[in-house]
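> Below, each chain spelled out in residue letters.
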Amino acid sequence: MKTYINETDGPVNKDRRDFLKKLGCGVVVVFSVGTPIYGITRKSVLEDFNAYLRVKEDGRVDLFTGKVEMGQGVCTSLAQVLAEELEVAIDKVDMIMGDTELCPFDAGTWGSMTTPYHDPLIRAAAAEAREVFIKMGAEKLGIPQKRLKVENGVVYDTADRNNNVSYAELTKGKKVIKGVAKPKLKGSSDFRIIGKPVLRLDAMQKVTGKAKYAGDVTLSGMLHARIKRPEAYNAKLVSVDTSAIENINGLETVRDGDLFAVLHESPDVAQQAIVKVKAKWDTPKAKTDDVKVFDYFKDSNPEEEEFESGGNVEEGRSNSTVVLEEEYYDGYKAHASIETHTATAEYKDGKLTMWVSTQTPFGTRRAVAEALGLPQDKVHIRQSFLGGGFGGKIYNQQAIEVAKIATKVTKPVQLIWSRKEEFLYDRFRPAAVVKISSGINTEGKINFWNYNVLFAGDRGAKLFYEVPNYKGVTSSRKDTHPLQTGAWRAPSNSTNTFARESHIDMLANAAKMDPVEFRLKCLKNPRVIKPLKAVADKFGWKPNMTLDSGRGWGVALGEDVNVYVAMMAEVEVDRINGDVKVRRVVCSQDMGQVVNPQGTRLQVEGGITMGLGYALTEHVRFEGGKVKSLNFSDYEIARFSTTPEIETVFIDDMDSQPLGGGEPSIICVGAVVGNAIYNACGARLYQMPFTPERVLAAIQKGGM
Amino acid sequence: MQNVIQFKLNNQPMELKVNGNANLLWVIRYLLQLTGTKYGCGTGDCGACTVLVNKEPIKACMAYIEDVEDKEVITIEGLAKGEDLHPMQKAFIEKDAMQCGFCTPGMIVNAIGLLNANPGLSPEELKKGMDQNLCRCGSYGRILAAISEASERMNG
Ligand code: FES
Ligand code: FES
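The listed protein sequences derive, respectively, from chains A and B.
Residues in the first sequence are numbered consecutively from 0, following numbering that gives the first Met the number 0.
Residues in the second sequence are numbered consecutively from 0, following numbering that gives the first Met the number 0.
A hint or two may mislead.
Computed Cβ-Cβ distance ranges for the label pairs, DEER-style [to be verified]: (1) G19/B / E245/A: 18 to 26 Å; (2) N440/A / T42/B: 52 to 60 Å; (3) N2/B / A285/A: 41 to 49 Å.
In case anyone wonders, no lab produced these hints; they're calculated from the structure.
Using N, Cα and C, we set each Cβ at its ideal position, and we do this for glycine too.
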């Protein structure tokens with residue numbers, strides 16, 4: 000076997016080089032630090048090399064990536080871009096994902112970053128590999144490279160197609176390692192696979208029950224762990240009384256600080272045992288609850304931080320003809336993936352091998368190593384599918400717990416959080432208050448905009464309307480949230496978009512204008528206008544339309560990770576019981592190159608459906624650290640019966656950078672439903688979710 | 000108390016020596032190593048654990064192994080005949096009716112159970128019959144499309 004190593008461009012660190020040498024035969028292309036594609040040189044993305052692929056001796060291709068498949072479809076879209084540039088059939092691609100020993104470092108699968116930052120790297124690596132094969136083919140066939148072309152994994156002579164050699168033949172018995180130099184990427188007019196709808200590649204495994212999630216790894220002799228939990232997530236363990244479980248056959252217990260676990264090879268026995276354990280907890284005094292939390296926020300003396308400003312807001316206020324001042328409220332929301340936090344671990348010869356439901360395999364490795372005082376190379380996170388993430392599976396508490404337990408017993412251990420634990424330890428989407436004051440001038444345009452979001456972030460809060468005088472601030476104070484908070488699909492954006500777009504609707508009303516016309520009058524950015532017009536067209540929006548009683552139309556606009564979204568919806572409000580049914584939603588997104596329209600549509604539909612939950616029903620009840628919504632029966636997510644008809648229009652541009660499509664569609668849902676309710680019955684909702692009680696109260700206040 | 004429990008699993012006769020009150024979901028997943036049936040809540044609220052017992056869908060997390068004594072249990076792994084997928088599985092693939100896929104086995108099994116009992120269900124009735132199965136990824140629209148497609152093929 001011959002090994003060629005060619006690292007013309009940028010350093011590949013030594014460990015990696017050794018590792019690459021250990022791989023079997025094949026043509027390996029690594030993407031190393033500093034090769035800019037679409038101007039991307041973000042350090043965080045390109046630490047070490049970020050992606051690589053290997054063409055094996057049988058002509059199949061392994062794609063190694065630190066990303067994970069959690070439903071967003073990257074195992075399909077990444078295979079697509081690879082197959083496109085390498086000129087192989089898509090079913091020749093095998094995805095090796097999220098394995099910390101096989102895959103290059105990755106910061107995590109979140110923030111809609113896979114498509115914009117990862118796709119280009121993989122395209123470049125694949126294009127480089129294609130060039131390597133042309134070079135090898137030229138040598139083998141004794142023909143100048145210029146005369147060669149590639150199709151379907153075969154290098155052929157353009158003068159005589161029968162004169163050809165396949166990737167597999169070229170790879171046989173060789174080992175080539177190549178860094179990406181300046182590969183020539185295909186132009187969009189030559190695309191065969193990018194931009195074409197492709198069905199999910201993981202579907203077969205998923206419909207047959209063969210897809211392996213972290214809890215589907217069953218190791219011989221494996222024990223099931225159950226942990227004693229308090230009622231409040233922030234309680235400290237004072238003491239445990241195990242007298243009631245002392246005689247249970249085969250039961251093991253582990254105590255490590257605040258962690259007390261029982262283990263048994265039968266999950267039933269472990270469950271029965273943990274209930275019998277008595278524990279004393281020290282629970283911090285409740286600071287607030289889900290009803291009082293908004294006043295609690297306002298009284299907490301938060302510090303302001305400006306994120307944008309221009310003109311003079313006070314002047315704008317004084318020369319406005321109408322001034323509107325409102326507050327908007329949003330409660331905590333749970334991630335509520337159907338798969339709960341899960342981890343399986345085996346500790347052998349000083350090394351932990353783990354399968355973890357996580358969006359951050361490398362982050363898990365680090366966290367586990369730190370928690371246990373192990374070097375990182377003594378922790379190996381293996382590949383598994385993720386049963387939903389949405390930003391909730393980046394904290395990895397379950398992995399640390401199982402690691403602590405597994406290192407103290409002699410058998411492998413599995414920990415599947417119960418649904419209760421999942422709610423108790425969730426890092427919720429933060430509750431927030433948004434204060435907006437703004438006004439219009441004599442021309443009916445927005446004259447000033449003063450925006451303050453309390454206790455959530457500013458994602459999606461930047462104004463894209465043309466306003467001469469504006470100021471946007473976030474207000475918060477550390478350690479004020481009574482619950483743990485974290486990233487939730489497009490963090491903070493749904494809250495900000497709800498507040499802004501509700502307010503814009505009211506300004507339109509004050510200006511006596513149709514909400515779409517008013518928006519168009521206040522917009523200049525074509526990236527916002529295009530989707531708005533496209534959605535109005537598809538929806539069949541008619542200005543100043545009034546529908547039969549109880550039905551209404553709404554519109555909302557938003558921006559997330561540089562994707563612009565326009566949405567329209569039709570709702571039906573029952574004025575007697577306050578019930579809201581969403582009948583139809585149309586969404587348009589301006590999102591650059593769409594790699595897989597099929598998969599992206601799915602993501603958009605999913606975002607809208609999930610969004611209906613936060614808009615209409617989802618609401619975490621709590622008192623201090625005690626979470627009271629602990630199951631789907633008291634935390635209502637969207638269901639079949641709440642799903643409307645959904646249509647999607649993309650404004651795509653095949654030559655531009657692809658943008659992430661997993662998050663943006665969710666941001667407009669609260670706003671569009673709220674605005675449609677107003678249109679239906681004159682009831683303005685200032686707080687999500689729009690429960691029947693709130694809708695009835697709003698109807699009584701101002702409805703028609 | 001260990002009992003000997005006989006039943007049929009995916010068309011194979013089974014004899015297990017277990018506690019009669021062992022949870023059916025855990026027996027299926029760990030004793031029988033069929034992990035396609037999922038745990039999502041353990042309280043009957045999500046449908047991820049749905050299996051067929053004498054052709055009817057039940058939530059395995061709410062059942063004991065003794066409940067299936069002398070009965071016929073079908074899990075997601077038992078639907079295909081060799082390489083040949085069940086029409087419902089095929090339709091799920093063709094309609095791209097999943098994202099993370101964690102709810103998918105429960106969805107497929109429940110849909111088949113509904114149609115077993117009543118092949119002529121209307122789309123509205125199907126929606127109702129599926130309403131206890133949750134999908135956080137929001138694939139409902141496509142799942143319904145897949146079920147309708149499969150139901151036509153199963154009848155035709
Ligand atoms: S796990 Fe059985 S219904 Fe949720
Ligand atoms: S596909 Fe993820 S829960 Fe249904």
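> Can you let me know if the beta-carbon spacing of N440/A and T42/B is within 52 to 60 Å?
Given range 52 to 60 Å: holds, Cβ gap about 56 Å.
> Starting from the hint 41 to 49 Å, judge whether the C-beta atoms of N2/B and A285/A obey it.
holds (47 Å)
> For the pair G19/B and E245/A, does the Cβ-Cβ distance stay inside 18 to 26 Å?
At 25 Å between Cβs, range holds.
The structure is consistent with each of the numbered hints, conforming to all of them.
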